[in-house]
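Assemble chain B onto chain A, guided by the hints.
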Amino acid sequence: MTSFRALVVLFAVLALSATARAAPPTKFFESHCTACHDADTKKGGLDLTALPFDPTNPENVALWVKVHDRVAAGEMPPKNKPRPPAADTATALKAVHDDLVAAERKAAAADGKTRLRRLTRGEYENTVRDLFDLPGLPLQIDLPPDGQVHGFDRNADALDLSHVNLAKYLEAADRVLDVAIATRPNAPKPIKQRISLANPHGFVAHVLMHGDGVLLKDKKPDPDFPPAGAHEHLDQGAHERMGSFRNGATVGLFRPEDESFSPYFNEFVAIYPGRYRLTTSLWSFQWDKGKVRPSRGTEAARLSIVQLVGDGRGGGHPSTVLGYYDAPSIDEQKHVVVTWLNPRETIGFNAASLAHAHTRGKDRAMGFTGPAVACDYFDVEGPLHDTWPPLGHKRLFGALPIVKFDPKLYPGVRPPHRTPDRQQLFMGKNKPDPVEGIWTVSSEKPLEDANKLLANFLPRAFRRPVSDTVRRLYVDRVAERLKAGDCFEVAMRWAYRAALCSPDFLYHVEPAGELDDYALACRLSYLFWNSMPDDTLAALANGGKLRKPEALRAEVDRMLADPRSQRFVEDFLGQWLKLRLIAANDPDRKLYPEFNKYLQDSMLAETHAYFRELVDKNLTADYLVRSDFATLNGRLAAHYNLPPVSGTQVRRVQLPPGTPRGGFLAQAAVLKVTANGTTTSPVPRGAFVLDRFLGQPPSPPPPNVPAVEPDVRGAVTIREQLDKHRTNAACASCHTKMDPPGFALEEFDVIGGHRTRYRSLGTGDPAPRGNIDPFIGIGFKLGPKVDASGALPDGRKFAGFAEFQALLAADRDALATNLVKQFAVYGTGRGVSFADRDEVTAIVAAANKNGGGTRTLLYELVQSKLFRAR
Amino acid sequence: MRTILAALALFGTVAADDKKPSKPERFTYRVTGLFAPDREKVLRDAFAELTDFKLIAIDFDEAEVTIEFDPAKLFPGQKPERVVELVSDKVRTATNHTFAVKPRRTVPRDKLERVTIPAAGCDCKACNLAAYEAVANVEGVYQATASFKDGRVTALFDPTKTDRAKLEEALRKKGVDLGKPKP
Numbered sequence: 001m002t003s004f005r006a007l008v009v010l011f012a013v014l015a016l017s018a019t020a021r022a023a024p025p026t027k028f029f030e031s032h033c034t035a036c037h038d039a040d041t042k043k044g045g046l047d048l049t050a051l052p053f054d055p056t057n058p059e060n061v062a063l064w065v066k067v068h069d070r071v072a073a074g075e076m077p078p079k080n081k082p083r084p085p086a087a088d089t090a091t092a093l094k095a096v097h098d099d100l101v102a103a104e105r106k107a108a109a110a111d112g113k114t115r116l117r118r119l120t121r122g123e124y125e126n127t128v129r130d131l132f133d134l135p136g137l138p139l140q141i142d143l144p145p146d147g148q149v150h151g152f153d154r155n156a157d158a159l160d161l162s163h164v165n166l167a168k169y170l171e172a173a174d175r176v177l178d179v180a181i182a183t184r185p186n187a188p189k190p191i192k193q194r195i196s197l198a199n200p201h202g203f204v205a206h207v208l209m210h211g212d213g214v215l216l217k218d219k220k221p222d223p224d225f226p227p228a229g230a231h232e233h234l235d236q237g238a239h240e241r242m243g244s245f246r247n248g249a250t251v252g253l254f255r256p257e258d259e260s261f262s263p264y265f266n267e268f269v270a271i272y273p274g275r276y277r278l279t280t281s282l283w284s285f286q287w288d289k290g291k292v293r294p295s296r297g298t299e300a301a302r303l304s305i306v307q308l309v310g311d312g313r314g315g316g317h318p319s320t321v322l323g324y325y326d327a328p329s330i331d332e333q334k335h336v337v338v339t340w341l342n343p344r345e346t347i348g349f350n351a352a353s354l355a356h357a358h359t360r361g362k363d364r365a366m367g368f369t370g371p372a373v374a375c376d377y378f379d380v381e382g383p384l385h386d387t388w389p390p391l392g393h394k395r396l397f398g399a400l401p402i403v404k405f406d407p408k409l410y411p412g413v414r415p416p417h418r419t420p421d422r423q424q425l426f427m428g429k430n431k432p433d434p435v436e437g438i439w440t441v442s443s444e445k446p447l448e449d450a451n452k453l454l455a456n457f458l459p460r461a462f463r464r465p466v467s468d469t470v471r472r473l474y475v476d477r478v479a480e481r482l483k484a485g486d487c488f489e490v491a492m493r494w495a496y497r498a499a500l501c502s503p504d505f506l507y508h509v510e511p512a513g514e515l516d517d518y519a520l521a522c523r524l525s526y527l528f529w530n531s532m533p534d535d536t537l538a539a540l541a542n543g544g545k546l547r548k549p550e551a552l553r554a555e556v557d558r559m560l561a562d563p564r565s566q567r568f569v570e571d572f573l574g575q576w577l578k579l580r581l582i583a584a585n586d587p588d589r590k591l592y593p594e595f596n597k598y599l600q601d602s603m604l605a606e607t608h609a610y611f612r613e614l615v616d617k618n619l620t621a622d623y624l625v626r627s628d629f630a631t632l633n634g635r636l637a638a639h640y641n642l643p644p645v646s647g648t649q650v651r652r653v654q655l656p657p658g659t660p661r662g663g664f665l666a667q668a669a670v671l672k673v674t675a676n677g678t679t680t681s682p683v684p685r686g687a688f689v690l691d692r693f694l695g696q697p698p699s700p701p702p703p704n705v706p707a708v709e710p711d712v713r714g715a716v717t718i719r720e721q722l723d724k725h726r727t728n729a730a731c732a733s734c735h736t737k738m739d740p741p742g743f744a745l746e747e748f749d750v751i752g753g754h755r756t757r758y759r760s761l762g763t764g765d766p767a768p769r770g771n772i773d774p775f776i777g778i779g780f781k782l783g784p785k786v787d788a789s790g791a792l793p794d795g796r797k798f799a800g801f802a803e804f805q806a807l808l809a810a811d812r813d814a815l816a817t818n819l820v821k822q823f824a825v826y827g828t829g830r831g832v833s834f835a836d837r838d839e840v841t842a843i844v845a846a847a848n849k850n851g852g853g854t855r856t857l858l859y860e861l862v863q864s865k866l867f868r869a870r
Numbered sequence: 001m002r003t004i005l006a007a008l009a010l011f012g013t014v015a016a017d018d019k020k021p022s023k024p025e026r027f028t029y030r031v032t033g034l035f036a037p038d039r040e041k042v043l044r045d046a047f048a049e050l051t052d053f054k055l056i057a058i059d060f061d062e063a064e065v066t067i068e069f070d071p072a073k074l075f076p077g078q079k080p081e082r083v084v085e086l087v088s089d090k091v092r093t094a095t096n097h098t099f100a101v102k103p104r105r106t107v108p109r110d111k112l113e114r115v116t117i118p119a120a121g122c123d124c125k126a127c128n129l130a131a132y133e134a135v136a137n138v139e140g141v142y143q144a145t146a147s148f149k150d151g152r153v154t155a156l157f158d159p160t161k162t163d164r165a166k167l168e169e170a171l172r173k174k175g176v177d178l179g180k181p182k183p
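Residue numbers (the working numbering), protein chains in the order written: chain A, 1 to 870; chain B, 1 to 183.
One or more of the hints may lead you astray.
Said to hold, decoys possible - The list that follows gives simulated cross-link-like pairs (lysine-lysine, DSSO-like), each with its CA atoms no further than 27 angstroms apart: (1) B:Lys90 x A:Lys429; (2) A:Lys431 x B:Lys90; (3) A:Lys545 x A:Lys81; (4) B:Lys79 x B:Lys54; (5) B:Lys54 x A:Lys220.
Keep in mind the hints are simulated off the structure, nothing from the lab.
The shape of chain A in the complex, shown without the other chains (with noise of 0.2 angstroms):
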């Protein structure tokens, strides 16, 4: 029989092209693994004995890379069989790695590893962004949402490009143009605006006439509309009609927003597209029973861009947070923003830090005792123009005048389309400031100046060089449209919106092989800036400067510390930790009250400001998963019970000894993304640790095996059911590897709190209150105690988290070249293939010599072929 197997084996290798395959490790695998893997066996769903290898086929690949690393790992044979001598498993390995590098590079040696691959929505929206210096303008929202292959979006295999694509990059096209192409000789008027919160379409008027908010003057009650008592203010038309909130009073607010509740600053709707500062007054108190105190600690607001489109009853409008702000006790503090807004848009505000406070007694305000959040006004001015025409507009048409169009000058040219200036809600008091006739850009000499112009706008919208015989097509377009009677401008924008809409905007040009410094540059700022490169970037590549290794490393510095490295922080970590689905669920109001948007908001900039903390200082892996210090704002300081933390701002906070908490793993954003809002369970976590953290992505789960439940009774621990599940030996073998890390992360509940014991709806003990707000009421009981130990696959144990996180750091190089791969992945649009493993070693060996740093990560990424080759 087995020399029947070893013919069989034999059989099968000869059957494949001669070419695929060197020394296929026949005799190893009939030694050592056939007696399970053969077609009459068949272990686990594989038979070696009929596995042909087909490069062509990455599935076919898949399954010889993971024969490779389960045996490289030791896990193969099992533990109970004979161990093959260590030469012998040496010599198979090498056969089976050589012969996946070799068939790998014959197959990249023709087109690249990268395939040609689109910019993603969030890259289209920062290119355009920065192409024509309109750094708010919406334009991701209306495209289509892109694929993830790998844990990403940037992979080519899920950026394909459909009819709808098309569409939309044409009317987006159109809106950018819009927006950029300035249509008036001078800059509209900049605004002034003061606005209440109280302003009546605001909805915080309302509250005040029932209590829930005072107005307050010098820091005392308003004597022209004292407190809601045991008489609630009438007709709230006829305190605005008498002046009562436009006094310059200040407006305390004893409740955040809720589904019924959303203040707007919305006597300020913008009507121009641009820049404007805002500015406000904070401050917070405690309010007890018509008396001003100071407050229990700084308090926070945020103000959000909120869009006034569609129907948006019940704060249902869409809206982004622009930030939250300290509003420290009694003593105000002015906070100034500057923003970019669009037209329809208006800032919102929400006293973030307030729990809803139960206000309508038979005494309303005065017979209230508890924080509030004051806001002493809110002042907007803008659009702010440093120069006019704006960069924008620069950037397409230079320097050419913006004249009236006269048609008698003109006779059969077509002018441009102009959409009168107008406030477009009622509520806004802010009224356009309109010019007369139509303004367009003219030319004396249309072709020559069009040559020019796409001359400087197509190199850099397509981020390289480009031939006259190209910008020819485009100049003939224009002339095109002149001929058919178009102005200029409206030429120029066919020329334009094509460019806009074709493949060297939109997709990642890059050439087979090692990349050029176009090439190179763009993929140095697609990684550190979601973006095209600047114009230092783009001169360094120009000048071929870009390859050096000095010019390299200082272009890393500088893009990291440029601000649009934020959005590599945030996109990166989006993807990576996954953290765009913090937002996926929302944590049972039953068992976890304290949640809020402030403590989910506050979770992602502490995930942020970590990442950023390690780039910074340049720490090394294991600060992945184990720290002595965190990063924290107040709200998340007293979530997590440690030393109070004044204020909104996220920043390095030392743990106190025994904390159990640094490392992404112990950050409540990470732990909610990996819980689903109820309940946890160790599988969901525990995979993720393994394909996020030490990039050993588990297989799916067979079909047709049910979720295990939740069981928010308190009846069961899921560690009880999960054992129940585990006796099946076929789910064993993946959950071995996969449950311990859930174990340990099972001390976190979903929100991220440490805990001893679960939550419970059901059966239980009364529950402590803790840190959580006085007034959120606790409806949640005690119910089983965590066990939070396990062991490892090798057989280490742990206790709880304290101990795995220890077990974890240890293998620095193990979670250094996981992040070198996600870093690969996310700055290289593919997959780290099996031929890459050997450049990733070498990454995490260079950057060792140097330290080992997150930073000196990078820099020997950005050095090595597998970024700088396609």
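Chain B in isolation, oriented as in the chain A frame:
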């Protein structure tokens, strides 16, 4: 004299004779929004801004205002009843819709009744205005006051058109607590 002026305002025409230069005339109107004596000053300040009008007198008890203006110049070709509306528009605009004018009442004072209703509420001007408007808008009420500080709302009304119960009902609908005068 006031009656004559009002009758002129109500029934006469003020179309200017194109050939003769027009001249300012005096008119007395009923004014709404005078819910407390200190509102007189606010009204005076408002007329100070309305330079087309000259304020002659305010009669708080009767809730009347006498002003002087040139209707032919300000509202050429308009009938007197329309002139009142146009004057009122200007007053409302100037006072953020807290005052308005109407034609004078025609019911003699001795045919009217005054009622005082105990009421409790937030002691702010806007709440007083709200309570005032609740009763002043009831048909047949010609003058009213409201003061939560004093804990009462008063009304001068034509008993053939309304009564105390209707006024109390209007206040209740507005959210005013009745029967709890401030001690």
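Status of the hints after comparison with the structure:
{"no.": "1", "hint": "B:Lys90 x A:Lys429", "result": "holds, 21 angstroms"}
{"no.": "2", "hint": "A:Lys431 x B:Lys90", "result": "holds, 23 angstroms"}
{"no.": "3", "hint": "A:Lys545 x A:Lys81", "result": "violated, 57 angstroms"}
{"no.": "4", "hint": "B:Lys79 x B:Lys54", "result": "holds, 21 angstroms"}
{"no.": "5", "hint": "B:Lys54 x A:Lys220", "result": "violated, 40 angstroms"}
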